[in-house]
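These are the residues of each chain, in order.
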Amino acid sequence: MHDIPTEAKELNSFLEKERPKVISYLRKNFSVSDEDLEDLYQESSLALYTNIHEGRLKTLTGTLSTYFLRVCINQTLTFSAKKKKTIPMINESNLVGGENFRNDKLDELFALSTFDETEEYRSRTERIVDKIVDMLPETCRNIFGGYYWQNLSTKVIADMFGYANANTVKAQKYKCVDKFKRKFNELMKNEDE
Amino acid sequence: MNNIEEYDERIEKFLRGDMSPIEEAEFKDDLAADPNLQERAKIVSTLIRGMKRKGYALDKAVLDESAPKYRISKRRVGFIAIVTSIAAVVLVMFNLTVLHSPNRNDILFTDNYTVYTLDSETRGDEEPVTVAELTELFNSIGTTDDCSDIIKHLEAIYASLDDDITYRMYATDVAWYLSLAYIKNNQEEKAIPVLQKLIYENSDTEIADKAQKLLDQLK
Numbered sequence: 006m007h008d009i010p011t012e013a014k015e016l017n018s019f020l021e022k023e024r025p026k027v028i029s030y031l032r033k034n035f036s037v038s039d040e041d042l043e044d045l046y047q048e049s050s051l052a053l054y055t056n057i058h059e060g061r062l063k064t065l066t067g068t069l070s071t072y073f074l075r076v077c078i079n080q081t082l083t084f085s086a087k088k089k090k091t092i093p094m095i096n097e098s099n100l101v102g103g104e105n106f107r108n109d110k111l112d113e114l115f116a117l118s119t120f121d122e123t124e125e126y127r128s129r130t131e132r133i134v135d136k137i138v139d140m141l142p143e144t145c146r147n148i149f150g151g152y153y154w155q156n157l158s159t160k161v162i163a164d165m166f167g168y169a170n171a172n173t174v175k176a177q178k179y180k181c182v183d184k185f186k187r188k189f190n191e192l193m194k195n196e197d198e
Numbered sequence: 077m078n079n080i081e082e083y084d085e086r087i088e089k090f091l092r093g094d095m096s097p098i099e100e101a102e103f104k105d106d107l108a109a110d111p112n113l114q115e116r117a118k119i120v121s122t123l124i125r126g127m128k129r130k131g132y133a134l135d136k137a138v139l140d141e142s143a144p145k146y147r148i149s150k151r152r153v154g155f156i157a158i159v160t161s162i163a164a165v166v167l168v169m170f171n172l173t174v175l176h177s178p179n180r181n182d183i184l185f186t187d188n189y190t191v192y193t194l195d196s197e198t199r200g201d202e203e204p205v206t207v208a209e210l211t212e213l214f215n216s217i218g219t220t221d222d223c224s225d226i227i228k229h230l231e232a233i234y235a236s237l238d239d240d241i242t243y244r245m246y247a248t249d250v251a252w253y254l255s256l257a258y259i260k261n262n263q264e265e266k267a268i269p270v271l272q273k274l275i276y277e278n279s280d281t282e283i284a285d286k287a288q289k290l291l292d293q294l295k
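Chains A and B supply the protein sequences, listed in that same order. In the working numbering, each residue carries its 1-based index in the first sequence increased by 5. In the working numbering, each residue carries its 1-based index in the second sequence increased by 76.
A few of these clues could be false.
Claimed, not checked - Okay, derived cross-link-like pairs now, DMTMM-like style, lysine to aspartate or glutamate, Cα gap no bigger than 25 Å in a straight line: (1) A:63 with A:183; (2) A:194 with A:125; (3) A:160 with B:85; (4) B:130 with B:140; (5) B:295 with B:106; (6) B:130 with A:8; (7) A:63 with A:8; (8) B:130 with B:84; (9) B:130 with A:21; (10) B:286 with A:21; (11) A:63 with B:85; (12) B:128 with A:112; (13) A:175 with B:106; (14) A:184 with B:110; (15) A:88 with A:125; (16) A:22 with B:140; (17) A:180 with B:140.
What the hints assert, rightly or not - Computed list of chain B residues with no C-beta within reach of chain A, every gap over 12 Å: (18) 126; (19) 131; (20) 191; (21) 224; (22) 225; (23) 268.
Said to hold, decoys possible - If you want a taste of the chain A side facing chain B, the calculated C-beta under 7 Å gives, among others: (24) 17; (25) 47; (26) 75; (27) 181.
Calculated directly from the structure, the hints in this document are not laboratory data. C-beta atoms are modelled at their ideal positions from N, C-alpha and C, and glycine is treated no differently.
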């Protein structure tokens, strides 16, 4: 198997989306040339396709993006070790923001903080959230995706998207949540009227 | 730190399951009493649920598209249906509580296993540790159904930790992944002493907390 088939549209689209942020992260953390990074990205992409195609991701824990990031990091670590390059301190605890956001806790908090627990209300909020996330600026979508979905640390998100540091990401995250909140309340009100 | 930052920190700590029972009780009391905290919690929990929902859907689309496809001829469908029906009846009649349930270990493994990214320091020419060797071993646990060979290899490394410095820097990782391999292979009784030693030797660390949670679930 030498290439990812062009028919694998979802995967190819996924890899195109991941490319800039993964390469940005690797460039920030490894002493590897851009040319080598591109090659490593290609090899990692193929490894991902092979693993999916051979049924090895049946027990995927976490998100596909985070899994793929780890594949890219491992490939780059191995490459760096072979070339006797400086190997950075990368471990699970500085890659992720902490334990995953638990689904049971999310349900519990949602129930505690709203007064309407009907299925209808839940569907309504889901519909509105889907709409808002697509409307948000790319900066907010990137941060929300990285922090809340992939559970990446703010440092990793800073490296991926070119922010100055982790605190800048945090500050941007607060602003984005405020944007989300304003839009959410506006759309909920519109639906009520 | 302003109010909103404090709110978000507490909300996220709650959602990650990182609060102690006392902290959680206080948080819930504050939530009931503070409409601003309530509002923020509603927004954040709604947002995270939405991100996870969209994320799952996108990941599923990618995985489903490229997953192995199995085609069964129409003639075989009937035969397979008969065989699986008989097998299902046999299983229902057999008392499964007598047997060790395979599902618990699968769940424990899936909840705790992550693909390994090795942290390491700058190496010189004398450094004998093969980064690739340990990474390959640990990550094979996630992709191999029968981990017996991997366990043999890890047991040899684990046994050498006290006398040989080769893998000592990665002692906690070796212990952790050996425990997971035992659990995956339904040898959880062997995982227990490994986890106990890991906790004892790394008290008050994140890995000790993780190991303690897993140990509590095993017992």
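A quick look at each hint next to the structure:
1. The suggested pairing of residue 63 of chain A with residue 183 of chain A is violated, with an alpha-carbon distance near 37 Å, which exceeds 25 Å.
2. Distance check on the hinted pair: residue 194 of chain A and residue 125 of chain A sit about 15 Å apart at the alpha-carbon level, within 25 Å; holds.
3. For a cut-off of 25 Å, the pair hint linking residue 160 of chain A to residue 85 of chain B stands: about 16 Å separates their Cα positions.
4. Taking the CA atoms of residue 130 of chain B and residue 140 of chain B, the gap is near 15 Å; set against the 25 Å cutoff, the hint holds.
5. Restraint check for residue 295 of chain B and residue 106 of chain B: not satisfied, since their Cα atoms lie roughly 35 Å apart, outside the 25 Å limit.
6. Between residue 130 of chain B and residue 8 of chain A the CA atoms are separated by roughly 28 Å; this puts the pair beyond 25 Å, and the hint is violated.
7. Between residue 63 of chain A and residue 8 of chain A the alpha-carbon distance is near 22 Å, which keeps this suggested pair within the 25 Å criterion.
8. For the suggested pair residue 130 of chain B and residue 84 of chain B, the alpha carbons sit about 22 Å apart, so the restraint of at most 25 Å is met.
9. Distance check on the hinted pair: residue 130 of chain B and residue 21 of chain A sit about 18 Å apart at the alpha-carbon level, within 25 Å; holds.
10. Distance hint between residue 286 of chain B and residue 21 of chain A is unfulfilled; the C-alpha atoms sit about 35 Å from each other, more than 25 Å.
11. Under the criterion of a C-alpha separation no larger than 25 Å, the hint pairing residue 63 of chain A with residue 85 of chain B is inconsistent with the structure, at around 33 Å.
12. For the proposed pair residue 128 of chain B and residue 112 of chain A, the alpha carbon gap of about 12 Å is at most 25 Å, so the pair holds.
13. Of the supplied pair hints, the one linking residue 175 of chain A and residue 106 of chain B holds, its CA atoms being roughly 24 Å apart against a limit of 25 Å.
14. A distance of roughly 21 Å separates the Cα atoms of residue 184 of chain A and residue 110 of chain B; the hinted pair therefore holds under the 25 Å criterion.
15. Among the hinted pairs, residue 88 of chain A with residue 125 of chain A is inconsistent with the structure: their alpha-carbon atoms are about 58 Å apart, more than 25 Å.
16. Distance restraint check for residue 22 of chain A and residue 140 of chain B: the Cα-Cα separation of roughly 18 Å lies within the 25 Å cut-off, and the hinted pair is therefore satisfied.
17. Simply put, residue 180 of chain A and residue 140 of chain B have alpha-carbon atoms about 35 Å apart, too far for the 25 Å limit, and the pair is violated.
18. For residue 126 of chain B, the requirement that its beta carbon stay farther than 12 Å from each beta carbon of chain A is not met, with the minimum near 3 Å.
19. The beta carbon of residue 131 of chain B is not kept farther than 12 Å from every beta carbon of chain A, the shortest such distance being approximately 4 Å.
20. With a cut of 12 Å on Cβ distances, residue 191 of chain B falls inside the contact zone with chain A, its closest approach being about 5 Å.
21. With a minimum CB-CB distance of about 18 Å to chain A, residue 224 of chain B clears the 12 Å threshold, and the non-interface call stands.
22. Every beta carbon of chain A lies more than 12 Å from that of residue 225 of chain B, the smallest distance being close to 17 Å; the non-interface claim holds.
23. Here residue 268 of chain B stays apart from chain A, with its beta-carbon at least about 22 Å from theirs, past the 12 Å limit.
24. Interface restraint check for residue 17 of chain A: the shortest CB-CB distance to chain B comes to about 9 Å, outside 7 Å, so the restraint is violated.
25. A cut of 7 Å between beta carbons decides the hint on residue 47 of chain A: the least distance to chain B is about 16 Å, and the hint is violated.
26. Contact between residue 75 of chain A and chain B, as hinted, is supported at the beta carbon level, the nearest pair being about 5 Å apart and thus within 7 Å.
27. For residue 181 of chain A, the suggested interface contact is broken, since its CB lies about 9 Å from the closest CB of chain B, more than 7 Å.
Checked against the numbered hints listed earlier, the structure breaks hints 1, 5, 6, 10, 11, 15, 17, 18, 19, 20, 24, 25, 27; every other hint is satisfied.
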